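Per this note's numbering, residue 954 is the first one in the sequence shown, and the count goes up by one each step.
Worth flagging that the hints you see were computed from the coordinates, not collected in a lab. In this text the structure is predicted, and so the values were computed from the model without any measurement. For every residue, glycine included, the Cβ atom is placed at its ideal position computed from N, Cα and C. One thing to keep in mind: the hints can contain errors.
The following label-pair restraints were derived from C-beta to C-beta distances [unchecked claim]:
| id | residue 1 | residue 2 | range |
| --- | --- | --- | --- |
| 1 | Ala1085 | Leu954 | 35 to 45 Å |
| 2 | Pro971 | Thr1040 | 29 to 39 Å |
| 3 | Pro962 | Thr1040 | 39 to 49 Å |
| 4 | Pro971 | Gly1041 | 48 to 58 Å |
| 5 | Thr1040 | Phe1067 | 14 to 24 Å |
| 6 | Ala1047 | Met992 | 32 to 42 Å |
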Amino acid sequence: LNALIQRTPHLLSQAFEPLLRLRGVVNFNNKRTHFQTRMRKLSMRPGQRPSSLRLNIRRQHVLQDSYHQLHLRTPQEMRGRMAVTFTGEEGVDAGGVTREWYSVLMRSLLDVNFSLFESSTDGTYQPSPNSAVNPDH
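Just need the whole structure built from these sequences, with the hints factored in.
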């Protein structure tokens, strides 16, 4: 099935689309290709070009700064290329700084001090029932 989808990816936009909801049926590479194709179609509407979304983030406040700079963005703005700068650090973002931002942001999201997520016995994370203890959530 996955080999067929890989050869003819448009099937996931048609007859095989319900298979995307079934866990373990469509492999990750096919899901990623489908997602990327859909994002390209959304961002390439006639007469529109995806713009670059620039973020200036303080490393010690990565979660808060990221939230404040992203939460009011439109879906169209979120589809553009993201360029991240860490305040006070030199460097041109050719993709590496943005990749680092994603890593730092994820570590912050999963930090037990924020109480947003907790690890489960199988090594995955789930929303924490204690997330309400932090007034900034």
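Going through the earlier hints one by one, which of them does the structure break, listed in rising order?
2, 6
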